[in-house]
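Undergrad: Top to bottom, those sequences are chains G and P.
Position one of the first sequence corresponds to residue 1 (my numbering), numbered consecutively onward.
Position one of the second sequence corresponds to residue 1001 (my numbering), numbered consecutively onward.
These are calculated hints, taken from the structure and not from any lab test.
For every residue, glycine included, the Cβ atom is placed at its ideal position computed from N, Cα and C.
Some hints could be false.
As the list claims (entries may be wrong) - Computed cross-link-like contacts, EDC-like style, restricted to lysine to aspartate or glutamate with a CA-CA straight-line distance of at most 16 angstroms:
| # | chain 1 | residue 1 | chain 2 | residue 2 |
| --- | --- | --- | --- | --- |
| 1 | P | K1081 | G | E45 |
| 2 | P | K1081 | G | D198 |
| 3 | P | K1193 | G | E45 |
| 4 | G | K81 | P | D1046 |
| 5 | P | K1081 | G | D46 |
| 6 | G | K193 | P | D1198 |
| 7 | P | K1142 | P | D1076 |
| 8 | G | K81 | P | E1047 |
| 9 | G | K81 | P | D1076 |
What the hints assert, rightly or not - The calculated label-pair distances, taken between Cβ atoms and stated as ranges, are:
| # | chain 1 | residue 1 | chain 2 | residue 2 | range |
| --- | --- | --- | --- | --- | --- |
| 10 | P | D1198 | G | K214 | 31 to 37 angstroms |
| 11 | G | Q18 | P | E1097 | 30 to 36 angstroms |
| 12 | P | N1222 | G | Q208 | 53 to 59 angstroms |
| 13 | P | H1213 | G | N222 | 37 to 43 angstroms |
| 14 | P | N1190 | G | K28 | 58 to 64 angstroms |
| 15 | P | E1026 | G | K28 | 31 to 37 angstroms |
| 16 | P | R1217 | G | S185 | 34 to 40 angstroms |
| 17 | G | K214 | P | H1213 | 55 to 61 angstroms |
| 18 | P | Q1094 | G | R93 | 23 to 29 angstroms |
| 19 | P | K1028 | G | D113 | 33 to 39 angstroms |
| 20 | G | Y131 | P | Q1094 | 19 to 25 angstroms |
Claimed, not checked - Which chain G residues face chain P? A few, computed with CB under 10 angstroms, are given here:
| # | residue |
| --- | --- |
| 21 | N5 |
| 22 | E47 |
| 23 | N48 |
| 24 | N62 |
| 25 | S64 |
| 26 | Y67 |
| 27 | L68 |
| 28 | G72 |
| 29 | D85 |
| 30 | L89 |
| 31 | P96 |
| 32 | R99 |
| 33 | Q153 |
2 protein chains.
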Amino acid sequence: MINPNISVDCVVFGFDGQNLNLLLIEQKDVGQMRRFALPGDHVDEDENLDEAATRVLKELTNLSGLYLTQSGAFGDINRVKNIKDLPWLKSNRQNPEARVITIAYYALVKMEDFNPSASSFANRVFWQGVYDIPELAFDHSKIVIKALDRLRQEVSELRVGHELLSEKFTLTQMQSLFESILNSSFDKRNFRKKALNDSWVIPLDEKQTGVFHKPARLYSWNKDRQSI
Amino acid sequence: MINPNISVDCVVFGFDGQNLNLLLIEQKDVGQMRRFALPGDHVDEDENLDEAATRVLKELTNLSGLYLTQSGAFGDINRVKNIKDLPWLKSNRQNPEARVITIAYYALVKMEDFNPSASSFANRVFWQGVYDIPELAFDHSKIVIKALDRLRQEVSELRVGHELLSEKFTLTQMQSLFESILNSSFDKRNFRKKALNDSWVIPLDEKQTGVFHKPARLYSWNKDRQSI
């Protein structure tokens, strides 16, 4: 039995080595225009929130094995009352008038490791550039912005993102990662100075191979780094 | 009308210049032993989550004007099913069997600025040393631990806590703040070196006054500091 008042929504960010993307579904709609949304659905009465997020993501996109973390609860009284959402609610929900509070989860993955495919009420699932998101159902845009804020905070403090680069990487690759997620561009010299002074990385006694340009030095993350 | 499935709980940390404390209430119970809990209650159908947190905290403790931030949603299917919580639920809830998902909020305040007093179903409200918390109702201990983790992360990245010291402070005062919140002790020299090298603070051309010991230099937070 589903709980009519509680749902989960999943904000899955994917990094392709250059750009940050967001996983979206196109919902099966009732003879209408295309309708985009985060993968999300109601929580079952007999499952915990984390379990629900894992199940719902799997049901809609066939993705599993992601590390999903809560990014916030969204419970504005009008969050599912917009007229544009009514046709979908009427054809998909037993009680389309119910107030729904959603618990948002987010994850950051290396896109090449995950191949989503649509099922259940998702018609299509796709990666969309995070700086080019179409209009989304309900308050999903707000949920994305909040998760992106959270992601940026985590990345700028080097708590997540390590696994998006290979074990050994160049400072240029590292800079691309930060630039795409933080949507900023950094001065190359300052970025390098900061990364080394603050001990984010450890220089290795190795250089790139198999490149046409002058091979750059390789680095690895400094796993022992402490912020204080 | 209250929503029987959704509640809010408030984790209010207070710093007294030396130690970190937690705001607790003693609930009015049904002829039983004393029962401690976080200030929390159900959400009304016509209020947003943030509004609910502010209202509930005010109703139970008469505190207002705090900056409350979400620290997580807690929805384990058994979180209000423990036999120890049943008498209270039966005498206080219309549907004591209902599954309740709670949205936790937290705040960090300077204790001297806030004087809580009990009302509604709180019998007493008090500050308790955060490393000496009694047994709490429901899953409130878990909620406290999660909020404390979050607080420590925020403080160690210098995103919160600035307002807990005076505008001008000594590095010893700053170290006390970090030590009490992070529950660690730092080597004095290393701590100072780090605080200055990483530009957390700006040294002022002023020293303490009105102290019997050798006056120490004063500092202010570096508001322009960027992590990256």
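Undergrad: Against this structure, judge whether each hint is valid.
TA: Hints, one by one, checked against the model:
This hinted pair checks out: K1081 of chain P and E45 of chain G have alpha carbons roughly 14 angstroms apart, not beyond 16 angstroms. A hinted pair counts as satisfied when its Cα atoms are at most 16 angstroms apart, and K1081 of chain P with D198 of chain G does not qualify at roughly 48 angstroms. Taking the CA atoms of K1193 of chain P and E45 of chain G, the gap is near 53 angstroms; set against the 16 angstroms cutoff, the hint is violated. Restraint check: the Cα-Cα separation between K81 of chain G and D1046 of chain P comes to about 13 angstroms, which is no more than 16 angstroms; the hinted pair holds.
Our distance criterion of 16 angstroms between C-alpha atoms is met by K1081 of chain P and D46 of chain G, whose separation comes to about 13 angstroms. A distance of roughly 13 angstroms separates the Cα atoms of K193 of chain G and D1198 of chain P; the hinted pair therefore holds under the 16 angstroms criterion. Restraint check for K1142 of chain P and D1076 of chain P: the C-alpha separation of about 11 angstroms stays at or below 16 angstroms, so the hint holds. Restraint check for K81 of chain G and E1047 of chain P: satisfied, since their Cα atoms lie roughly 14 angstroms apart, inside the 16 angstroms limit.
This hinted pair does not check out: K81 of chain G and D1076 of chain P have alpha carbons roughly 27 angstroms apart, beyond 16 angstroms. Between D1198 of chain P and K214 of chain G the CB atoms are about 33 angstroms apart, so this pair conforms to the stated range of 31 to 37 angstroms. Look at Q18 of chain G against E1097 of chain P: about 52 angstroms separates their beta carbons, and that is not inside 30 to 36 angstroms. Remark: the range hint 53 to 59 angstroms for N1222 of chain P to Q208 of chain G is contradicted by a beta-carbon distance near 37 angstroms.
Taking 37 to 43 angstroms as the suggested C-beta distance range, the pair H1213 of chain P and N222 of chain G conforms, at roughly 39 angstroms. Separation of N1190 of chain P from K28 of chain G is about 59 angstroms and conforms to the stated range, judged on CB atoms against 58 to 64 angstroms. With their beta carbons about 52 angstroms apart, E1026 of chain P and K28 of chain G fall outside the hinted range of 31 to 37 angstroms. Roughly 38 angstroms separates the CB atoms of R1217 of chain P and S185 of chain G, a value that falls within the hinted 34 to 40 angstroms.
Checked against the hint of 55 to 61 angstroms, the pair K214 of chain G and H1213 of chain P passes, with Cβ atoms roughly 58 angstroms apart. The hinted range of 23 to 29 angstroms is satisfied by Q1094 of chain P and R93 of chain G, whose Cβ atoms lie roughly 25 angstroms apart. Checking the proposed 33 to 39 angstroms range against K1028 of chain P and D113 of chain G shows it is violated: the Cβ atoms sit about 54 angstroms from each other. Range check, Y131 of chain G to Q1094 of chain P: Cβ separation about 48 angstroms, and the 19 to 25 angstroms hint is violated.
Contact between N5 of chain G and chain P, as hinted, is supported at the beta carbon level, the nearest pair being about 5 angstroms apart and thus within 10 angstroms. With 10 angstroms as the threshold, the beta carbon of E47 of chain G comes within range of chain P, its nearest partner Cβ sitting at about 7 angstroms, so the hint holds. For N48 of chain G, the interface hint holds, the least distance from its beta-carbon to any beta-carbon of chain P being 5 angstroms, beneath 10 angstroms. The beta carbon of N62 of chain G is not positioned within 10 angstroms of any beta carbon in chain P (closest approach about 25 angstroms), and the interface hint is therefore violated.
Checking S64 of chain G against chain P: minimum C-beta separation of about 21 angstroms lies over 10 angstroms; hint violated. Taking 10 angstroms as the C-beta contact cut-off toward chain P, the hint placing Y67 of chain G at the interface is violated, the least distance being around 16 angstroms. Look at L68 of chain G: its Cβ only gets to about 13 angstroms from chain P, farther than 10 angstroms, so that hint breaks. Interface restraint check: G72 of chain G against chain P, minimum CB-CB distance 6 angstroms, threshold 10 angstroms, status holds.
The interface hint given for D85 of chain G is violated, since its Cβ lies 18 angstroms from the closest Cβ of chain P, which is over the 10 angstroms cut-off. Annotation: L89 of chain G was flagged as interfacial toward chain P, and the flag is violated, the nearest CB pair being 18 angstroms apart, outside 10 angstroms. Among the interface hints, the one on P96 of chain G is violated; its C-beta lies about 16 angstroms from the nearest C-beta in chain P, farther than the 10 angstroms criterion. A hinted interface residue such as R99 of chain G counts as satisfied when its beta carbon comes closer than 10 angstroms to some beta carbon of chain P; here the least separation is about 6 angstroms, so the hint holds.
Because the beta carbon of Q153 of chain G sits about 8 angstroms from the nearest beta carbon in chain P, less than 10 angstroms, this interface hint is met.
Hint violations for this structure: numbers 2, 3, 9, 11, 12, 15, 19, 20, 24, 25, 26, 27, 29, 30, 31, all remaining hints satisfied.
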